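Sequences listed follow chains A and B, in order. Residue numbering for the first sequence follows my numbering, beginning at 1 and increasing consecutively. Residue numbering for the second sequence follows my numbering, beginning at 1 and increasing consecutively.
These are computed hints drawn from the structure, not numbers from a lab. Because the structure is a prediction, the values reported are computed rather than measured. One should not assume that every hint holds.
[To be verified] Computed list of chain B residues with no C-beta within reach of chain A, every gap over 12 Å:
hint : residue
1    : L14
2    : F81
3    : T108
4    : P222
5    : R350
6    : D391
7    : N421
8    : N461
9    : R492
[Said to hold, decoys possible] Facing chain A, according to a computed beta carbon distance under 10 Å, are these residues of chain B, among others:
hint : residue
10   : S245
11   : S263
12   : V267
13   : W272
14   : V276
15   : L277
16   : G282
17   : V297
Just so you know, even glycine gets a beta-carbon here, dropped at the ideal spot from N, CA and C.
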Amino acid sequence: MEFLKTTRVSPLFLILNMVLSVTYFIFIALFFKVGNPFLFALLIIGEVFHLWQVFGYIHSVWPRKRQKDFDPSFKPNVAVYITVCGEPTDIVEETVKAVLKMDYPTYSVYILNDGFVANRDNWKEAEVLADKYGIKCLTRKKPGGAKAGNINHALSKTKEPFVVIFDADHVPKHSFLAKMMGYFTDEKVAFVQSPQYYKNHNENMVTGGAWDQQALFFGAILQGKDSSNTAFMCGTNMILRRKTLLEAGGMSETSIAEDFLTSLLIHEKGGKSIYVGEVLAEGLAPEDFLSYYKQQFRWARGSLEVVFRFNPFFRKSLTLSQRIQYLSSASFYLSGLIVFLNAVMPLIYFYSGLEPLSISTMTLALIFLPYIFIVLYTIQLTSNFSYTFRALSFSLSSFPIHIKAVWQILTGKKSGFVVTSKKKVSGNHGYLVTPHLVYIALAVFGVLVGFLREGFSPSIITNATWVIIYIAIFVPFISAAFEKDKPDKTEEIALAVEGETV
Amino acid sequence: MKFLTSFVANKKFLIYLSLFCMMLFAIYFSVTVFAHTSLRLDEAQSLFQTNRDVPGLLNLVAQDVHVPLYHILLHYWQVLFGNDIFTARMMSLVFFVATIPAVYFLATYIFNRRVGLFAALLITISPFMDWYGSEARMYSMLAFFTVVHQLAFMKLFREGKPVHWVWFTVTAILGIYSHYFFAFVLLAEIVFFILARKEFAVKKAFRKFTISGILVAASIAPWLYYVYKLGTASNTQPSLMEPTSVDLFNTYAQFIFGFQVDSLNTVIVSLWPIVVLLAFFGLQKSRKTTKEALFLVAASVVPVLGAFFISVTLRPFYQSRYLIVALPALVIFIAWIISTYPKKLALALRAILVAGILGLFVVQTLNPATPVKEDYSQAVGYLNNKATSKDVIVLSAPFTIYPTEYYYTGPAKVTTQPIWNRFEQGSVPAFDPAKLDAEVKSNTDSYQTAWLMLSYDQGYNEKIKNYYDNHFERMSQKEFSKNLWVYSYKVRYDPPIAITN
Numbered sequence: 001m002e003f004l005k006t007t008r009v010s011p012l013f014l015i016l017n018m019v020l021s022v023t024y025f026i027f028i029a030l031f032f033k034v035g036n037p038f039l040f041a042l043l044i045i046g047e048v049f050h051l052w053q054v055f056g057y058i059h060s061v062w063p064r065k066r067q068k069d070f071d072p073s074f075k076p077n078v079a080v081y082i083t084v085c086g087e088p089t090d091i092v093e094e095t096v097k098a099v100l101k102m103d104y105p106t107y108s109v110y111i112l113n114d115g116f117v118a119n120r121d122n123w124k125e126a127e128v129l130a131d132k133y134g135i136k137c138l139t140r141k142k143p144g145g146a147k148a149g150n151i152n153h154a155l156s157k158t159k160e161p162f163v164v165i166f167d168a169d170h171v172p173k174h175s176f177l178a179k180m181m182g183y184f185t186d187e188k189v190a191f192v193q194s195p196q197y198y199k200n201h202n203e204n205m206v207t208g209g210a211w212d213q214q215a216l217f218f219g220a221i222l223q224g225k226d227s228s229n230t231a232f233m234c235g236t237n238m239i240l241r242r243k244t245l246l247e248a249g250g251m252s253e254t255s256i257a258e259d260f261l262t263s264l265l266i267h268e269k270g271g272k273s274i275y276v277g278e279v280l281a282e283g284l285a286p287e288d289f290l291s292y293y294k295q296q297f298r299w300a301r302g303s304l305e306v307v308f309r310f311n312p313f314f315r316k317s318l319t320l321s322q323r324i325q326y327l328s329s330a331s332f333y334l335s336g337l338i339v340f341l342n343a344v345m346p347l348i349y350f351y352s353g354l355e356p357l358s359i360s361t362m363t364l365a366l367i368f369l370p371y372i373f374i375v376l377y378t379i380q381l382t383s384n385f386s387y388t389f390r391a392l393s394f395s396l397s398s399f400p401i402h403i404k405a406v407w408q409i410l411t412g413k414k415s416g417f418v419v420t421s422k423k424k425v426s427g428n429h430g431y432l433v434t435p436h437l438v439y440i441a442l443a444v445f446g447v448l449v450g451f452l453r454e455g456f457s458p459s460i461i462t463n464a465t466w467v468i469i470y471i472a473i474f475v476p477f478i479s480a481a482f483e484k485d486k487p488d489k490t491e492e493i494a495l496a497v498e499g500e501t502v
Numbered sequence: 001m002k003f004l005t006s007f008v009a010n011k012k013f014l015i016y017l018s019l020f021c022m023m024l025f026a027i028y029f030s031v032t033v034f035a036h037t038s039l040r041l042d043e044a045q046s047l048f049q050t051n052r053d054v055p056g057l058l059n060l061v062a063q064d065v066h067v068p069l070y071h072i073l074l075h076y077w078q079v080l081f082g083n084d085i086f087t088a089r090m091m092s093l094v095f096f097v098a099t100i101p102a103v104y105f106l107a108t109y110i111f112n113r114r115v116g117l118f119a120a121l122l123i124t125i126s127p128f129m130d131w132y133g134s135e136a137r138m139y140s141m142l143a144f145f146t147v148v149h150q151l152a153f154m155k156l157f158r159e160g161k162p163v164h165w166v167w168f169t170v171t172a173i174l175g176i177y178s179h180y181f182f183a184f185v186l187l188a189e190i191v192f193f194i195l196a197r198k199e200f201a202v203k204k205a206f207r208k209f210t211i212s213g214i215l216v217a218a219s220i221a222p223w224l225y226y227v228y229k230l231g232t233a234s235n236t237q238p239s240l241m242e243p244t245s246v247d248l249f250n251t252y253a254q255f256i257f258g259f260q261v262d263s264l265n266t267v268i269v270s271l272w273p274i275v276v277l278l279a280f281f282g283l284q285k286s287r288k289t290t291k292e293a294l295f296l297v298a299a300s301v302v303p304v305l306g307a308f309f310i311s312v313t314l315r316p317f318y319q320s321r322y323l324i325v326a327l328p329a330l331v332i333f334i335a336w337i338i339s340t341y342p343k344k345l346a347l348a349l350r351a352i353l354v355a356g357i358l359g360l361f362v363v364q365t366l367n368p369a370t371p372v373k374e375d376y377s378q379a380v381g382y383l384n385n386k387a388t389s390k391d392v393i394v395l396s397a398p399f400t401i402y403p404t405e406y407y408y409t410g411p412a413k414v415t416t417q418p419i420w421n422r423f424e425q426g427s428v429p430a431f432d433p434a435k436l437d438a439e440v441k442s443n444t445d446s447y448q449t450a451w452l453m454l455s456y457d458q459g460y461n462e463k464i465k466n467y468y469d470n471h472f473e474r475m476s477q478k479e480f481s482k483n484l485w486v487y488s489y490k491v492r493y494d495p496p497i498a499i500t501n
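The shape of chain A in the complex, shown without the other chains:
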């Protein structure tokens, strides 16, 4: 797996990256004539955020050596939880079969069935499946706490000192336990996480985009976090030490990003985390745009809740690295606001002539280009060239999702845990990219307005070019929203047979 290959980047190079970023910021903040003060303030807020992101990333991938104990003979009893909430039985069955084939002496398998409390029609199928394979099914009857509540319920019904958690669609490899359990020989290790790999990433544009984004996170970022004992749980493909988990209050039910918040609470208690940079289970990416949208929203909402309600930076029991890393990860979802601001600046100029700074466009280029190039190159280098334009497109184009999450948190609107659909939700999801289409329309008209006001001035041309860049970034995202369903093979066969009959 290319995305998991680490490239050791020279600290000097990373320092140069930071120096160029800071230089750019200082020039923008101090050395040019301020245009409209309000726009300038927004610009500076955006640039501070960018600087923070660059710093967070460099801090993640900073080359460090971490001593990790691993004892392959450490094989205590383990409970394997497969969390199910109405997923299609064939998908769950595939996971169950793989779990039963894991190469490990003593473990028990439990289906954690939340279908009943979630009012799923097929909730009984999980119990039938458990019977079929001779495993236990723990069906919750009392709702609450969503997935975290489901796991906590199972914790109360089981005794094993270690707990493995798989989402219904995540199929482990034989060696999953053998390659993960040995880390628990260190008694401080509270959880061990392995990557979430989407085996369907070539299915369509949505799965591809979703995976491209994940690759950076599960490659360079989590491996970097691991080196500073700041890796956090990602909901599936992970093993937890029961004792530490219970000491932290079990899986946190106060956030829809229960894995993220629980990790923070465990780290706060002095627990250690390990990230294993090897694909040991394969899962499914959301196959349709609506499911992707909902998944991203849940992650954004959950992570931002941590920023606003449990701000890691002020939690004194965490190490400085942990504070930086948790805040960096959680605040990523604020980027939607910044993307929106940056994308809208050229439009403001077209329609009003207002600009945040009076600056020669060439001077701006001189300080901006080295900064952006080195940032992009650093990402490519550290991610072993697994980051793609599509990943960038999906990340930046998700700004309406992120803004919606911020808005809901600020207005105190409640949001439930929605399980990502494991089957494609068919239909036209184009309405989800309405903000992007409106942007394009406003941009085209804005260029005309600007041109009529001042002709082909350098400012109009440069701003028009920025608009083109944003549109180019939005295009893959918009295309994914409008992507037509591919007929699956059974449909194709049916059509063929029908054709023959006719």
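Got chain A; can you put chain B on it based on the hints?
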């Protein structure tokens, strides 16, 4: 026959045929268009310096800001083929045409044939290269030696055979004797060596590079000593403005899209954010940026930034033509980065780029206001028709006497302001406002009309013009190319003396 058929069917044949067509394109445009443009100031200097024996030539070049290889070659070229400007320009064309396959081989060696061919195409249609490929100056030769030298450097990086060291050192010596700015090529290599020293194929590379560097330094040392001994460098050195960030981006815009009038150039450089988008497109899975690609970045950025930095901090000597050393690496890098994009996008970008360059190539060629055009031919032709034996022609800056005398066939006296005798050793005299009155009087005394030709402003043309405007009656004015003006002034009102018996 069978051999011929299989040869034609061979992929290599098609590639060589493509290269041949590119070279023909370059020759065609040079011979039919560029080679017939007016002699320019720098070219006039080349002719002036090379139309004498080698010691005399060396003496003149040493007083100039250049190194002598080009001048020596041009001297013998003229001995063989004639000493008119068209013939002189043909020598530059030879180097330009040779640069096309050289770029192909370098890009193919680093990447692949597809990149090589596209890079060669970009070099062929580059309005910048075409311009200097037909100018009687050393720039196309400098570009050629740069590419050949960089190929040796890349071979050292990957293979490191003894023959590559010889090749590397010899081409470095040829390069540094072509232009002082070749030092920036070596600087880019040093930067790359620092970044990738562990990945050089050859062992003890540092020691070997040091030896090579010593040889290059030793080879240029006698020339530098000679220049130092003469103590009159900068005889004809133009005074240059300190560059700004605009100049920096203009340089790259000129490299790709040629010389354009200010309004069009503003549009081109204002499109700079497009390079950010191109960088975004470059984010492709498993498309690793090889170390060789980093070398190309260094080779296309270090010379430009280096010259910019020194010009800003020490002394202005920033000229985009001196930086032609960065152009081949830049086009190869562009050809490579586009090749990493998805196929359809790459195809579209190649088509847009080629169409854009060709369009601007045509504009550069046809537009009389193109900034680098110096129409001394028309201006002096005008003086040939107008100036009589009772008139004086005054030139500023003084060194514009070179192109003027190439075309001037009339009877009027030709002089300069400030007054300069270029056959005496020493620098061009500095402009001294206190001497202006006396010098103008000296120049115009006893003549009826003064024809003031102003071009290549060294910071005092406006003062001279104002003096003439304030003291004499201006009778005409005409601009022949950008900033090349001819004014006529009535300097004497005495009636002609009638001599009768």
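Hint by hint, here is what the structure shows:
no.: 1; hint: L14; verdict: 32 Å, holds
no.: 2; hint: F81; verdict: 44 Å, holds
no.: 3; hint: T108; verdict: 23 Å, holds
no.: 4; hint: P222; verdict: 39 Å, holds
no.: 5; hint: R350; verdict: 17 Å, holds
no.: 6; hint: D391; verdict: 45 Å, holds
no.: 7; hint: N421; verdict: 42 Å, holds
no.: 8; hint: N461; verdict: 27 Å, holds
no.: 9; hint: R492; verdict: 49 Å, holds
no.: 10; hint: S245; verdict: 4 Å, holds
no.: 11; hint: S263; verdict: 8 Å, holds
no.: 12; hint: V267; verdict: 6 Å, holds
no.: 13; hint: W272; verdict: 5 Å, holds
no.: 14; hint: V276; verdict: 6 Å, holds
no.: 15; hint: L277; verdict: 5 Å, holds
no.: 16; hint: G282; verdict: 8 Å, holds
no.: 17; hint: V297; verdict: 9 Å, holds
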